[in-house]
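Novice: As you go down the protein sequences, you meet chains E and A in turn. Going by my numbering, the first residue of the first sequence is number 1, and it counts up by one from there. Going by my numbering, the first residue of the second sequence is number 1, and it counts up by one from there.
Simulated from the structure, these hints should not be mistaken for laboratory data. Don't take every hint at face value.
One side only, chain E facing chain A, incomplete, derived with CB under 8 Å [to be verified]:
#1 H52
#2 D124
#3 G126
#4 D131
#5 M133
#6 W169
#7 D183
Don't be surprised by glycine CBs; every beta carbon is placed ideally from N, CA and C.
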Amino acid sequence: MPSSSPALLALLLAAAASVSAAPVEVLVQTPAGGPVADAAVIVEPLAGPVPHARAGAHAAIEQRGREFMPWMTVVQTGTSVDFPNNDTIRHHVYSFSEPKRFEIKLYAGKPGKPIVFDRPGQVDIGCNIHDWMEAHVLVVDTPYFARTGADGRATVAGVPAGRYRLRLWHPRQKAQVAPDEIDVDDAPVRLTLALDAKPREPRPHTEDDPDRY
Amino acid sequence: MSSRSLRHRIAIVFVGLLVLVMGFVLALVHSSSARIVERETQRELAVGAKVFQRLLEQNQRQLETAAAVLSADFAFREAIATQDQPTVRSVIRNHGQRIHAQVMMVTGIDGRMIATTQRAAAAGDPFPFPDLLAQAEAAGRSAGFRQMKNGQLYQVVLVPIMAPTRIAWVAMGFHVDDRWASDMADVTGLGVHIVRAGTPGLLASSAQRAALEGGARYAHVDVPLDGGLQAVLQLPVAQVQAPFEQLQGRLLGVIGAAVLVFALGSVMLAGRIVQPLNELSAAARRIALGDYAQPLPPAKGDEIGQLAASFEQMRNGIASREERIGRLAYVDELTDLPNRTRFLEAFGRLTPGGGGAVLVVNVDRFALINNALGHLVGDRLLRAVAGQLAPLVPPGGMLARLWGDQFAFLLERADADAARTFADAVLAALRDPVTLDGQRLDIEAGVGIALYPDDGPDASTLLRRAELALAAAKRRHSGVAFASETGAEPAHEQLSLIGDMRRALAAGEFTLAYQPKLALGSGRIVAVEALLRWQHPERGSIAPARFIPFAEQTGFIREITPWVLDMAVRQAAVWHAAGLDIAVSANLSTLDLLDPYLGRRVRGLLERHAVPARRLCLEITESALMDDPTLAQAHLDELAGLGIKLSIDDYGVGQASLAYLKSLPVDELKLDRSFITAITESPRNAAIVESTIMLSHALGLTVVAEGVETQAELRWLRAHGCDIAQGYGIGRPMTAAQLQDWLAAFVPDMTV
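With these hints in hand, go ahead and build the complete structure from the sequences.
Specialist: This is how it looks when you write it as structure tokens:
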């Protein structure tokens, strides 16, 4: 599974700030016991200062093959996100979501300015040209988060010892899951959590349907 | 029905059959039409319903597509996303107009309305059609017919707004009104009405709903819509019926025309059939009336033509048979001249009051020629005579052969002078000798003339009178005699003659004279002929030729003859008693011969006077025999049975053949005086007399020559074997007393 850059950064920061740190390993499962991919695992400190995202924290959601990649991204508040267009056609990326409304009109290549996600919340991103293109960004106020892989596992590394609230989120979750509180020591925290969410269903590229027109 | 004529019957049958067939056709077409109309109605309804449903689906898809396109509009989505009420209301109005939606409602994911164009509703109200919302959540979109709070009917389409996940629902309503129904009606060809089941009102209608309940004139089908609504599709039955009614109307017209044409045609055909039949029947009526002359119209080749041809053959056959029968009845076969019957008829056609003359012509001595030279020669002679007489016939006149050698002319409008002139011409024509087989035959003839109406009122009387005149002419050798000169006083004189005769008979004015008959072989007087004499007190002696034919004609002879017979038998008895061996001859007329009591009376006389039968001889003329040969023969047989001698008088004047006479019980033949007069002058006549004598002897008959006047004749007769002679040359008729003296003085002279 590809390692997330912010997660790596957070891990490095945590390692630098505190001597005592441990990873939180979570297995997210559906109530039926299947793995839930693309679920966000968010670990928020219950006390103490929340470390701000460093200036220039950066993420990218590229467009390739007329799909947003990745489909789901978790960023800390203040992170700027690039939308590099690796397709030969242009895209018109937009979001009407409350935490971040933006619009990058028809562009090719890398847009001039990245979008800074400065408020926490869920941001749904689409392309006005390609209705099926969909990306979700969860903006959180903590540097400790991870995304589950296809096996439903995610590891939030370098979480300093302390008491945390652990939240799960998925773009297609059917209901909000009540957060758990965990204590982090030296030892890794291993959890198996349930989340009722439908898996991602790639929507058909209606543009490619030869019968459509 | 009692039809009048063949023509009507043919026409009625033809037209009736056609009407029957056409009636069947019409009934068939009618019932078929009704079935087809029914089927067509159902089919049109089914097709219309299918089209209607397809239209609905198509409409719905179009609306959905339009709604989907609208909901994907970026600006629209952006505006909705603002959640700003005025903005959202404004944008739904604006975008609603783009796709002609009358109602637009934006509903949040939670089912509460964000904005609506409906006045009655407000933001925050729950979406009025949660069922549609449920369907849309399951299927991504939904649609249906819904009634809004304002009572109007809409087709509502519910689609999501994606950004890119679903952020809201937008519902678009399209008014379903009368115009919509009319558009649907235009496409389906059916009346379209939208109703809510169980309620009376029309939500939308393509027309007035007047006919919705009138089931008879409209057929309908119900198409259920969602939301408890249904579409009623109507088809006016008349619309389907119209072409069939038109067809039936035309068919009716065609049938009418056909019946008319057929009626005319069959009447004409019947006319063509019947007309020749009518002509045939008219011809048949003509034939029935005896008119065979008019030929039938030329026959055509068909059966009627054949009938007409057969009919024509029949007509010709009848005509020719009629003609042959007519010939047999009216034409003398030997000479091709008209016969007696035809002559009598022709007389009947004489112009009344126009006058005319009847001339009877008779060839002298024909019977002798006939017997001597044979029938074939006799027949040819008659034909030759006819050939000589025929050219003399004047216009309007006629020449007929009455019988034997007796011919008669009928001259129209001829008086006595004209008749005399004509008679002279006839005699002159006959004076030309006739040559048969190289032999010349000299013919002489006599003519008797009777004038109409002076000598008689009818043909038979005139003929009889003319024949009497002819006999007189022959006796007088005058060639021609008029009936008025012979027994033919004018009518009043004749009437007085009858009275005179009656009186004379009673008064004893009649007497008998006896003429001796000399047997040439022995020179003896062997018999006498009793001849009637009338000594009239005023007129003196009346010639027998003047009253005897008249007595025969009137029948008075039947009273005279018995007297004559009585007297003759008395005289015979006297002579018998006196020892004289003399037979007595008496004459019998035609009427006497037909008297059924003749035989009985004669026998009575002979017995009463004790006279042997052989002392009585009865003389009969040929013509008397010919009137009724059968009866005559019977009576002659009876007389012969008594032993009485029978003699044929005046032989040679008539046409009786010897062969016929031989069949009679006749003993004696008396040659007519005209033959005797001619024998010494014409060798031809002599030859005829000679052969007649020979033939008579061969047949066992005694030959008597009458009218012997000269010694030369007497010698010739004796030389040629004639048995008996009678005439002035031997002795005149005389009274019984005179005869006795004459006999006493008679010296038989065998030397003569």
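Novice: Hints first: check each against the structure and report whether it holds.
Specialist: Taking the hints in turn, this is what the structure says about them:
no. : hint : result
1   : H52  : violated, 30 Å
2   : D124 : holds, 5 Å
3   : G126 : holds, 3 Å
4   : D131 : holds, 6 Å
5   : M133 : holds, 7 Å
6   : W169 : violated, 14 Å
7   : D183 : violated, 36 Å
Comparing the model with each numbered hint stated earlier shows that hints 1, 6 and 7 do not hold.
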